[in-house]
Structures are given as structure tokens and as C-alpha cells.
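2 protein chains.
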Amino acid sequence: MSLPDDTQLLYLRLASHYQGAIESGSLTPGDRMPSVRSLTRLHKVSLSTALQACHYLEDKGWLEARPRSGYFVRRPRRVSLQPNSEPEQPLQLDAAQYLGIHERVSEFIASCELYPLKTNLAQAFGSPDAYPTEALKHAATRALRSHPEVLVEPTPWHGESGFRAVLARRALDHGMRLTPDDIVVTHGCTEAVNLALRAVTQAGDTVAVESPCYFGLLQIVQSLGLRSIEIPTSPHTGMSIEALELALQTQPSIRAVVVVPNFQNPLGSVMPDAHKERLVALCAEHGKALIEDDSYSALCDAEQSLRAVQSWDTDGTVIYCASLHKTLAPGMRLGWITGGRWHARIKMLKFAQSRPNDALSQLTVGEFMASSAYDRHMTRLRNLLRERRERTAESIAAHFPAGTRLSMPRGGMLLWVQLPPIRSPHALFEQALREGIRVAPGWIFSNSSRYDNYLRINCGIQFTAEVDAAIERLAALVYEQLV
Amino acid sequence: MSLPDDTQLLYLRLASHYQGAIESGSLTPGDRMPSVRSLTRLHKVSLSTALQACHYLEDKGWLEARPRSGYFVRRPRRVSLQPNSEPEQPLQLDAAQYLGIHERVSEFIASCELYPLKTNLAQAFGSPDAYPTEALKHAATRALRSHPEVLVEPTPWHGESGFRAVLARRALDHGMRLTPDDIVVTHGCTEAVNLALRAVTQAGDTVAVESPCYFGLLQIVQSLGLRSIEIPTSPHTGMSIEALELALQTQPSIRAVVVVPNFQNPLGSVMPDAHKERLVALCAEHGKALIEDDSYSALCDAEQSLRAVQSWDTDGTVIYCASLHKTLAPGMRLGWITGGRWHARIKMLKFAQSRPNDALSQLTVGEFMASSAYDRHMTRLRNLLRERRERTAESIAAHFPAGTRLSMPRGGMLLWVQLPPIRSPHALFEQALREGIRVAPGWIFSNSSRYDNYLRINCGIQFTAEVDAAIERLAALVYEQLV
Ligand SMILES: Cc1ncc(COP(=O)(O)O)c(C=O)c1O
Ligand SMILES: Cc1ncc(COP(=O)(O)O)c(C=O)c1O
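Going down the list, the protein sequences come from chains A and B.
Position 78 (the first sequence) corresponds to 78 in UniProt numbering; numbering is contiguous.
Position 291 (the second sequence) corresponds to 291 in UniProt numbering; numbering is contiguous.
Worth flagging that the hints you see were computed from the coordinates, not collected in a lab.
Treat the hints with care, since some could be wrong.
No copy is singled out in the list; a pair is fine if it fits within one copy or between any two copies.
[Said to hold, decoys possible] Here are the computed lysine to aspartate or glutamate pairs in the DMTMM-like style, where the Cα-Cα straight-line distance is at most 25 Å:
1. K347 / E107
2. K347 / E103
3. K118 / D59
4. K347 / E113
5. K347 / D181
6. K118 / E153
7. K118 / E149
8. K118 / E472
Sequences are here, hints too, so could you generate the full structure?
Here you go:
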């Protein structure tokens, strides 16, 4: 059979032919693909075209390669656990003000340091093999060779201009239209969120946050002398817009709303577009700043990137904060911000808080992100994370007791495991640490005790027999604690 | 004559012999040194020992080499200007609260950007030739080669441990005894001072600062919602201890004192040791935090390093902040802090504000600072700055009208030029900008108009004919404005 003639590249046409066959059910999971050699015969294409098509389908998650056996239609891994439960009282706001997260996090860190670590499932980024170390090293070496002067001359205040241009271009994928001048480079997303909150609040103000909420954000809120109000958040669709609306109507001290709309940490939830749109409109209507922390959206399984909430903004209500910590280089501390109508104030605060970022890392990452190597890295990373997430989830499903719940995010690297009722989550956590297994305990994600029987598990690291054993051991500890 | 026999290296003995001769007046400025060849005969030393001795004396500022004529005893350049005047009412505190420095600095920046720049005398660091670009580049390349993983793995939270160890060792020179764990690496001294102030104050509190005061500090103070009280500061001995004492007695809202004891920006003043000691005691007595910004102390002409105020601290009253921006690598954004009794809080704030610094620059600078190349760089830098400072001052003395005053700092790179009464300092500044000459105008160093007829001039750049011409032109503009 030869392929219909159109303007697409040959390998893409070949790939879409087989994709269609899988989607329509003509080929089903587990079926063997025709061998590369037979593809050349069947479709009258070259060996390299056939190979390219198979690689493409593998990248997209339709095929999997089995060593020495060729390509097979991929079996979507199905995890047999119930999805996480929705917030119990979605319209009840928590009167208890947030306080003391520093102590919780400090205690967490202190206990972690007590015992030698064997398996670290507590982080929120991938292991080194997930990132393009060699390519970044070469880019850095080239930058040093061609611009050694950046070591001894200050950079433009708001970031190296080539790097800002690349960031603006890449932001198009998330529906954002920015000029390089709309961007300020920061020390990670953490500094960006600090600047955003400093720009729109004063000590004593209240900030609406998700519940559960990334503990780093709760720390920022506390360290700036702010109060937080935890808004019920669905493990599937993110912050409840109704609950937020109620909060905005009844709590005039709220100055800003902070959300992680895409692959929320720890939930993995993604706000549907309709919610994103309403969220922006709601904040604009109430004159509140909407701070979007978008550290994970590029890690979506689907090829189509997720849209940033910022892309619905028409009047500068949204302050958008991003990070390269999860996607590209956990060691380089690069993030950025675009500040909506507070942009000038944010620029000034960045200057007063830490001056510009150093130029070397910006040149390095700027060069890499401008090239197609970045796209290849991202495709590889997304597939690798999906694979690791699925295997980790399978292991949890296989080992944990009945009543354990888990929703499968469609991207990112975090699993939020809801345990059945157990006697002492703290004892469980301590015992795991004692055995060298580190997870992020539920209680650092809230000021309440609402998430005490949750664990956050990182799937960014290689899924090895050791990781599998650690999860099995965690499960055994849960069994011991079952009520 | 052969030299007295002791355990010193031969060249050092030879050098100290001639140094003694100069100090005692046996050799006077302008005298020719014996030629290298005759030194070998006179003292029965090798050619290389004689040469080493001459280089050493040149480095230390006792000799100067004249092309094709040999070494001469250096003529200390004497600048014929009156020293800057002392504060007028040293015991009068400024009731007017500081406000609006952001606007002043923003206006300054905005006007600077209006005109093409020819000669930039407004900065506070050296030109690239003053720093070891090549050596840093090689150190960075080596760090990349041996530790590429640092690009994709996070660093220890408080800084790379080897780097902190070198910092602790180098701090011994300033009389400080620290362990690496006492140190948190920061994004420049700017972030360090932010963390220090955040650790000890809350919005609305008052901070005692020098007058005039580095505008960056005034910006930090304003951006944190703090008030400042400007304490009269001598251009020679720094912040007035008496005035500070009065302020602490009468203004209970003061929470912290911020000083730059060594080569204050813009004054260039150095606190005598007795003042430093009293300052620490005074703050301890009143239970106030003393924040020491020590960006310049390593840039002292004399070989003997200046002592940090922190070295007198016995009870954790002092928070010490430092920078490598002036001394080593203006492009790398490295600084550090040791937080006295607030150290734990500062560590936590650093984590919440920006997470760790990236490791690559820490490895790079750590390697360089551990080597003797760093010492050689610092000797060269100190001499180069002294030379440039003296030539710039000579040019000012030669061109500026009578009534101009200038105190010569014994280190650093900043000259604080006190103009005779002129009609409009703002018009002077604008006109200079229009002609491509940028200086730092006095009014950004205070909330008052007390320093309107001062200019701060950077001598860290090469003293070229162009710089000389720019200073001559500035002087002409002053003449035009004389009242
Ligand atoms: C939602 C979220 N925001 C911000 C961060 C931190 O970002 P960065 O490392 O760029 O400061 C994290 C990391 O865990 C995160 O999960
Ligand atoms: C007294 C003083 N502190 C801090 C700074 C800024 O230091 P860094 O560049 O390390 O943030 C400067 C630079 O002008 C300064 O003069």
C-alpha cells in the first residue's frame, strides 16, 4: 500500500497512518507492529523513513520498543486504584489562619537529616538522567569561550536579552503573547512568587491559596507576614472557583490569589480551560491580583501544551511565574516573571532584592532553549516521566492496602497518595525515614491536619527495583498502621 | 653590604632593608633605586632575588618602574584639595523620614537611559581589566568538566561546602572566626542585606543608616516598608557613634543599625577600630541588631586587612554581609552572610526567598579563592585601584574650581566630590549626561537635599585620556554653574 499524497513529510504520513489504525482499534495494545524492514516494502519508503516513523510513534506513546523483538502497540497502563476524593466540604472556608508552616517544614527537614537516606521520593524534580547534562555543559563551555567577559561585567538588570527573547518565544506555546521586555529573569520560581506577593500585598494581608498547597508557597506567605486562606481544591480540576468566589465575597482582606493551574503540587490537578477563564474574570472583577505559578505545564503527556491562565488576561490582573527547575536544569536556579499591571514595581523590587541574575547561566540556557535540542529534550522528558509515573503508580496499586486512592495526573512527576485510615501517619513517616525511605508527608501541605494521611511521591527518578522495594516497604508500614 | 642573617626569604629581607631606608628618609621620593645589577653586587644576591625584591616593593607601593630608566622611589601623589567637610550638626537627627528613594533612583536611571553614554563614572566596581577573567573562565571550564552534574542537581541549601570553607578561611583576614556552617551564600550582598533586615524588622520599623548612604540600601529599606533615620557620618571616621547613641536613646522604634564600616559608599570613610568596638558594644547594650555591609574592606591599600566590626561581636549582635562583586567578579552575583543570633532565621528566609545559589559559580570562585592566584589578584587590584584613584583625584584637583573638596580614601574605588556652591546641581548632572558623561549624583544618597552638591565618581575604570577629558568637561560645567 502506498500512502496518500499530501504535503506532509513522508515519515509523518506513515506514522499517522498507523496512529489511525491504533485509534480505530485495527491494531490493539500488545499487537506487534510490522517490522521496519516490512514497512519499507509495504509502503515503498526508505529504511530511515520507516525508522523515523516508528521513533515518532514511540515518542508519542503509541508504540513501545521491546529489546530484540521490535515495536509493539503500547498497553496503556491502567491503575486499579480509586481516584482521590474530592474536598469534603467544598464551600466551607477554613477560619483557622495559616501559621507555623516554617516549624512543620523545619521539623520535616530536621527529621530527614537524622537518618541515612537510601531512597528519596520526597523531591519534586527528576533525577540527573532526565536532563540534558552534556548538552548544557557544552553550551556553558561555549558561552564561556565566546563571552568570558560576562563573569566580570554586570548583566542587564532584568535579564540577558537573548534569553528573555527565547522565553517570550517559548511562552507562545502556552498561549501567552509577550515581548522580551515583559519578562524579568529571577532566581527560580521561588524568587518570582516572592516578588509577586511583595508587589501586591503588605504584611497582615490575606492571600487565597489552594488546599493542599505546595509547602514552599506556604513558607513564602508566612515569611512575608501574610495570612493565608486555604481554598478547597479538587484533585482533578484544581481550585474550586465557587469556593474562591465565596471567599472573595466574604473576606475583604484577601489581596491576591495564588494558583498552580497546571499539575498542581501536590495534587497533579489541571484546571479545565473554562475554569481558567472564569478564574481570571473573577479576580479581575474583584480587583485582586492573580498569581499563577506555572512550574509544570510544559510537562504534559499530550503534545498539545497546556494554556497558561495568563493567556486569558486582558487587563494585567495576572502575574505569571515560571521555573526551569523541573523542566531543564534543577541545578541552575532560573525562573522568570511577567508582572501584569505590577510589572514596573516587580522590576524595581527585583533590583532591590537581588540585582540581576548572573549572565552565564542565562546565556547557556538561552542557547539551548533556542535550539531544536530543547524540543527533543522535552519530548524525551515527557515520555520518561509518563513511563516512570505509570510504573510508580502500578507499584503503589500492587502493594498498598485496599482503600488507598490515587488519581493519575496527565503530566508532571508527582503522585498524591491518599491512604486508608491509619493510626499514626507521623509514626509511619518516621519509621520510613528510619529505614532510609523519604517521602513528603501530607501535613506540610496545609496548616490543617486535613492531609495527614496523604503522601506525596516523586516519580522523576528512575524506577528501579530499589524504588519498587521502597514502595513495597512503605505499603507494609501502612498495613501495620491500619485501624 | 650583605644582609643580616635571619629566617626570612632573601628577597623579603632585601626589600625590607630598602623599605626601611625609604621610611627613615634615607631615600626620598623621586630618588633612583640602585639598579638591579648593582643590587646583586651590593648585597651578594642573585639577579632573580634582586628583581623579586624590586617587584615586591613596587607591589607594595614603595617603588615605581619608569620605562627604560629603572626603579624610583614613588612620589606619593598629593592632592591639593581640602578634605570633605564634617557633618554640620553632628548631633542633630533628621526628623524627616526617608521616603521616595525609589522615585529618585528611578528618575536617575531613566535620565541615564535618555542619552548615549560615553564615559561612565557612575558605577561602583572596576572595569573588566581589573578582574581575573581568564583565570575565572578556566576555573569555570574545569568545574564544568569535573562536575557537570551540578547543572542538573540542586546544591546544598546554604551554599556549596567547599566554597563556604574558603570564605570562612578568608574571613580570618578580617578578624572573623567562622565555621563553614556559619555562612549562607547569597545572591550578592544585596540579597544578604535584604535577608538581614527581613530577619530583624517588620514593616513600619525604623532602621538607622549612615548619611550619606548607599542608595541601594535606601531602596531595600523602602521596599521592605521600613523607615530610615539618617545618622550623621564623618567622611573620615564613618557613622558618628555619639549621634547613633542619641538616636538609640530617643527613638525606640529603631530595630537595627546598618553600617558600611570600611570604605563606606559613597564617603570612602573607614571607622577607626575604637569606634568599631564601641559601635558593637552600643548595639549590644541596646539590644539592636547591627548589620555590617562589608563589600569593600579587602580593597585596602595597606597590606594589613581592615577588621570587620563582626570581629568584636561576643553575643551574636552583628549580622555580617559581604560581596564578591567589587573584589573578584562583578558578573557572578555572589555574596554571603553570617547571621549572629538570627542565623537560623536567615537560613530559613534564604530558603523561602530564593532557595540555594547555583553551584557552578560557587565551585568556580571557590577554586580560585583557595589558590594563591587569588592573593596575587588582590594585590594587583589594590595597587591598580590606588593608582587609578590617585590619578582621578589629581585630575579633579587640576580641573575643578577652588572650593571643591575631596578626601582621599585609603582603599576602594569611590571618590565623593564636594562641589563649591553652584546654582543647579540637577542641571549640571543633566548637562553632563547630555554630553555622554555619567556620574552618581549626590541626591540619590539621601532622602534630604543635603548632598545635592556632591558627585560620586568611580575610579575602578582605566584612567584614560578620555576619562581625564570627561573630568575636565565636568569641571567646566561646574564653573558655568558657580554662584
Ligand atoms: C508549584 C511550585 N512552585 C515553585 C517551585 C520552586 O521552583 P524553583 O525551584 O524554580 O524556585 C516548586 C518546586 O517544588 C513547585 O512545585
Ligand atoms: C555598600 C554596598 N553594599 C552592597 C552593594 C551591592 O552588592 P552586590 O552587588 O554584591 O549585591 C554595593 C554596590 O554598589 C555597595 O556599595
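Between the shortest in-copy and the shortest cross-copy C-alpha distance, which are at most 25 Å for K118 and E472: within, between, both, or neither? So K118 and E472 pass the 25 Å test inside one copy only (14 Å; across, 68 Å).
Can you tell me if K347 and E103 fall within 25 Å by alpha carbon in one copy, between copies, both or neither? between (31 Å within a copy, 13 Å between copies)
State whether the alpha carbon distance between K118 and D59 is at most 25 Å within one copy, between copies, both, or neither. Neither. Shortest intra-copy (32 Å) and inter-copy (54 Å) distances fail the 25 Å Cα cut-off.
Under a CA distance limit of 25 Å, which applies to K347 and D181: within one copy, between copies, both, or neither? Within one copy only: 11 Å inside, 33 Å across.
At 25 Å max between alpha carbons, let me know whether K347 reaches E113 within a copy, between copies, both or neither. Answer is between: at 16 Å across copies they meet the 25 Å cutoff, but 37 Å inside does not.
When no copy is specified for K118 and E149, does a C-alpha distance of 25 Å or less occur within a copy, between copies, both, or neither? Between copies only: 19 Å across, 42 Å inside.
I want to check one pair: K347 and E107. Are their C-alpha atoms no more than 25 Å apart within a copy, between two copies, both, or neither? between (35 Å within a copy, 14 Å between copies)
Treating 25 Å as the Cα threshold, decide for K118 and E153: within, between, both or neither. The answer is between: 17 Å across copies meets 25 Å, while 43 Å in one copy does not.
In this structure, the one hint that does not hold is number 3.
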